[in-house]
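Residue numbers (the working numbering), protein chains in the order written: chain E, 30 to 475; chain P, 1408 to 1720; chain V, 51 to 359.
For the record, the hints were derived by calculation from the structure and aren't laboratory data.
Any given hint might turn out to be false.
Claimed, not checked - Computed, partial: chain V to chain E, Cβ under 10 Å:
| no. | residue |
| --- | --- |
| 1 | Gly58 |
| 2 | Leu60 |
| 3 | Ser149 |
| 4 | Glu170 |
| 5 | Val179 |
| 6 | Val188 |
| 7 | Phe198 |
| 8 | Trp226 |
| 9 | Pro278 |
| 10 | Ser281 |
| 11 | Pro284 |
| 12 | Ala288 |
| 13 | Pro328 |
Computed from a predicted model, the values in this text were never measured in an experiment.
Note that beta-carbon positions come from the ideal geometry of N, C-alpha and C, so glycine has one too.
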Amino acid sequence: MSTKDEMRSDILTRRAALAALGVGALALSGRRVQAQAGKPDEIKVGIATYLSGPASVFGVPARQAAELLIEELNAAGGIAGVKLRPIFFDEGPGVDHFVAEYRRLVQSEKVDLMFAAISSADCLACAPIAEEMKRPTLLWDCSTQRIFEEAHYDYVFRTIGNSTPEVLAPVLYLLKYKPNFSTVAVVNQDYVWGRDSWTMFKTIVERLKPGVRVVAEMFPRFGATDYSSEVTRLLATKPDVVFNASWGGDLDTFIRQAADRKLLERSLFVLPLGESSLERVGKSLPPGHIIGARGDHWFLHPSPEDAKRLAAFTENFRKRTGVYPIYPCFHMAQAVFAMKAAYEKALVTKGGVWPTDAELAAAFKGLQFPSLTSPVKIREDGQGLANMLVGTTVADPKYSFPILADMVVFPGEMVTTPVGKSSFEWLKTLEPDILSRVPQPVTSRG
Amino acid sequence: MSRYADLVLTLLAAAFVLALSWAVPWLRFVMTIAIAKGLAVLGILLLLRAGQVSFGHALYLSLAAYVVAFMAARIPEVLLLLPLAAVVAASIGLLVGLFVSRYRAIFFGMLNLALSMVFYSMLDKFYEVTRGGDGIRVPVTSFAGVVLSPDQQSWALLILALVLAVGFGAFVRLYLLSPMGSALSALKTREARLEFMGIPARRILLSAYVLSAFMAGCGGALIALSTRHVTPALAYWTASGELVFIAILGGAGSVFGPFLGALAYELTRTYAAALVADAWQMILGTVLLVVILFAPGGLWGIGRALVVRGRQA
Amino acid sequence: MGWLGDNGMLLGLAMLDGLSYAAAVFMVAVGLNLVFGVMHVLNVAHGSLYAIGGYAAASLSLFLIARGMPPWLSIPSLVVSSAIVGAILGPPIERLLRSVSGQEEVLQLLVTFALFMILEDLQKLVWGVQPVVSDAPVKLLGTIDVPFGRDAIPFTSYQLFLLPGVALVTLIGLAWFLRRTLAGRMIVAVTVDREAARAMGINAGKVMLLTFTAGAALAALGGALASPTTSLVPGIGASTIVLSFAVVATAGLGQIEGAALTALMIGLGRSLAVYFAPEFEVVVPYFIMVSVLLVRPQGLFAVPETRRI
Chain E
30 MSTKDEMRSD ILTRRAALAA LGVGALALSG RRVQAQAGKP DEIKVGIATY
80 LSGPASVFGV PARQAAELLI EELNAAGGIA GVKLRPIFFD EGPGVDHFVA
130 EYRRLVQSEK VDLMFAAISS ADCLACAPIA EEMKRPTLLW DCSTQRIFEE
180 AHYDYVFRTI GNSTPEVLAP VLYLLKYKPN FSTVAVVNQD YVWGRDSWTM
230 FKTIVERLKP GVRVVAEMFP RFGATDYSSE VTRLLATKPD VVFNASWGGD
280 LDTFIRQAAD RKLLERSLFV LPLGESSLER VGKSLPPGHI IGARGDHWFL
330 HPSPEDAKRL AAFTENFRKR TGVYPIYPCF HMAQAVFAMK AAYEKALVTK
380 GGVWPTDAEL AAAFKGLQFP SLTSPVKIRE DGQGLANMLV GTTVADPKYS
430 FPILADMVVF PGEMVTTPVG KSSFEWLKTL EPDILSRVPQ PVTSRG
Chain P
1408 MSRYADLVLT LLAAAFVLAL SWAVPWLRFV MTIAIAKGLA VLGILLLLRA
1458 GQVSFGHALY LSLAAYVVAF MAARIPEVLL LLPLAAVVAA SIGLLVGLFV
1508 SRYRAIFFGM LNLALSMVFY SMLDKFYEVT RGGDGIRVPV TSFAGVVLSP
1558 DQQSWALLIL ALVLAVGFGA FVRLYLLSPM GSALSALKTR EARLEFMGIP
1608 ARRILLSAYV LSAFMAGCGG ALIALSTRHV TPALAYWTAS GELVFIAILG
1658 GAGSVFGPFL GALAYELTRT YAAALVADAW QMILGTVLLV VILFAPGGLW
1708 GIGRALVVRG RQA
Chain V
51 MGWLGDNGML LGLAMLDGLS YAAAVFMVAV GLNLVFGVMH VLNVAHGSLY
101 AIGGYAAASL SLFLIARGMP PWLSIPSLVV SSAIVGAILG PPIERLLRSV
151 SGQEEVLQLL VTFALFMILE DLQKLVWGVQ PVVSDAPVKL LGTIDVPFGR
201 DAIPFTSYQL FLLPGVALVT LIGLAWFLRR TLAGRMIVAV TVDREAARAM
251 GINAGKVMLL TFTAGAALAA LGGALASPTT SLVPGIGAST IVLSFAVVAT
301 AGLGQIEGAA LTALMIGLGR SLAVYFAPEF EVVVPYFIMV SVLLVRPQGL
351 FAVPETRRI
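From just these sequences and the hints, can you work out the full model?
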């Protein structure tokens, strides 16, 4: 069955359900207890992503990646012969709606697995529910380090890194390869990630390069349209380094307004989420700035585990959408690959008998699975250990936008907070010798 | 409609909600949220009677939700938390009300919106305390001294919501029939006449405002207790707009309207989201437009018209 | 240079940014204020018109450039695309509003709320979710160095001249139109007293159609003017509404000059906040609104209203 047909039948069943609500027929289907024996007809995956609002910049490409990957997986026979069916839902309307949808998908649609979510608030809200409902849940994109540092879960796993390595890697890169700076400034979105990432930046720099002066700390409104005051202040105070961990439209707007006024020629920018804006801002972003990718997500990764797989995915994604895949696509791929690997691991453990929810959940602990770039491991606390790629922008005649040179792939173990420690405390104990362990930069085949 | 008919209808509606929640477990949560929002909308309806539209009542809803989130660790008891949160919301409502009850029409609406947006910004701003956009997890609470299983707790909250809905519904019905209620309507048509009769219009509006804040507070506490996670998004202006939306959808003519509207709203949204995950707003907007254009009395108005026609036939 | 000198110069820079931001805020709010004054409808869909205006302008200028047209065309195309958006979306929305005009005012407001929800998804269907921008006008106009001590701070001419210029032309043009032309006076007449205007033979329906279309075009122009510097994303309309509502309530009913003054206060206030109290940047518009309404409950430029008995 093609996806379109699947989607239609999906809609039909819901339409039927809608009609049945009045009659009460849905009542029966709702209370039926799920029997777990033998191979199911299909594996249903609930996928929470942003389909509306500013974060749909990430949510929609991730959905496209999921559709592409699941189609390919199904064409190759699914997981142990069982096909997958994704059910997408929008995180846009807020936490209460998200929680309602989560419960509905578990109790009514009987999804086998949940991929949630982009928003850290949604992840924090659903983790305890996942535990309560005993539904294996993969945190596929949210970055808050709080989840596994503040609680223990048996059904919740993160298939990517978290905000600590996402900040630490670019800062280590800065300290190791562009260490000649004495003043810094920040322009971050005014919300938790903007504030937390700046606190981390400051903590790391204070620890590893004491004496750096902060000349401006600015936190414009989330979704701001005008950064002229911020840019003017940066031009006037001339910081050596400008840290900006914004994303989406906000980052694009900031880069453009800064570029229009030559700020990018005066200060070195450190952009931990820059990878996702490169293609859109194009030549506005000149060479020489530091770019992170919330993992080692880069379609020109210098040393992917399987170069052919990465090239094929990039090609197919471009064919479908017209743009290069950005990090949320890679994150989605990691969730899909982790799911496949866990089922296969559980099947092997049980000698080919289909696993129960608990057995599937157990399989995620310590699981090592492939990604589009380098393999990822899920630690015993549920946190993923993923490598982090940082590079410097460079112009390349083959592309209409800057690509990355002098790339460093940080090993996940090196930059991730150890199990049982709080990130903010751990960062305070970093030793200067960590800089000597930073890998050599490489420039790939462009 | 007669008091007897209203009573029967109330019991039938409550039974329907309980039956549906038993039959379809995931609906239990949706229903609780819907009734909680209905409580806040009941307050909007009160102000609508006075011709005033508050575009900021999410302030009281979110305030109470945050009170619950903050205090749940210290007072882990639903039956104490809920009144506490509602009283805090009503007290702030009194303070704000003293200020906004001087204003009418757009200024009333906009000041409410502005204050709720200031609260929204503060929740984000003081993120060391509020944890900003990540929100706060509400710890496990007991119900009447008993720690219930998650399943039992969801039943308890639904029943509590129903009891509050019936109680406040009856109270507001009496309130509207009382001289206070008549004064509210008079405030809408000709405020000066009210003043000439020696009735202080501001105080009339203020008391309705505080009552509406109290009910929104109950709703907010219920939302926090059932979602078990609160975020600043609860205070964003679209959340306030949603409450006004529900008031009109359900119909401002009866105390049944807010709850009917809230249930219809939540169910439409759920099914719209399931049907077309990326265009649910369009469906919701269209539903509202159709209701306004063809049934300005709201869903309650439609139902009533049907009943009346049925009797005539 | 002493502390005072440094800060004095920073203040000067802050003024420049404040002025250009004020111009942007004025352009965002002026259309809403006009519509509100005449029709007494708080148009929530204003934010959507702003967003669609921005998208349309970006699309048109990208199209022109892709066709190899001279890039200077991208500047007039901002105005042209806004006029088109106003002409296409204004009349049908006005028609919808009129169909509920006999009923409570809150219903009209909710019609626009419903339209806002519908347009929000529609805009996503047409332009997708990826940020859209067309920066040809900014690039075309280049930058100007403003001296700052021994240094020079580049500002874009677009920000320093075009934006305030358009705002000033709009302000003066509207003021002239409303005070000096017959059509304008009809609008004012309807604003002050719809019934009396009708009794004097003014076709109130026509006036409203005209005003709403103009208001929609101005909303679109606000978005169009932002499109060369701002990446347009889903949700941009929702955040615009709050700002423009604050301006309208602070300014007073339909007061164009009031909107200009409010925009100026917000622009300068925000800009100063970025330098001297960045913590409070976000709440500046609300702070200004609440303080103004505390002193003048009907807004800055209130028309004294007779008490109806």
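Going through the hints against the structure:
1. Gly58: 12 Å, violated
2. Leu60: Where the cut-off is 10 Å and the nearest Cβ of chain E is about 6 Å from Leu60(V), the hint holds.
3. Ser149: Result: violated, 28 Å to nearest chain E Cβ.
4. Glu170: 7 Å, holds
5. Val179: Holds - the Cβ of Val179(V) comes within 10 Å of chain E, reaching about 4 Å at its closest.
6. Val188: Holds: closest Cβ of chain E sits about 5 Å from Val188(V), inside 10 Å.
7. Phe198: 6 Å, holds
8. Trp226: Since the shortest Cβ distance to chain E is 28 Å, the answer is violated.
9. Pro278: Constraint on Pro278(V) satisfied, holds at 9 Å.
10. Ser281: Holds - the Cβ of Ser281(V) comes within 10 Å of chain E, reaching about 4 Å at its closest.
11. Pro284: For Pro284(V), the interface hint holds, since the closest Cβ of chain E sits about 5 Å away, which is under 10 Å.
12. Ala288: At about 8 Å, which falls below the 10 Å cut-off, the nearest Cβ of chain E leaves the hint on Ala288(V) intact, so it holds.
13. Pro328: 5 Å, holds
Consistency with the previously given hints fails for numbers 1, 3 and 8, ordered from lowest to highest.
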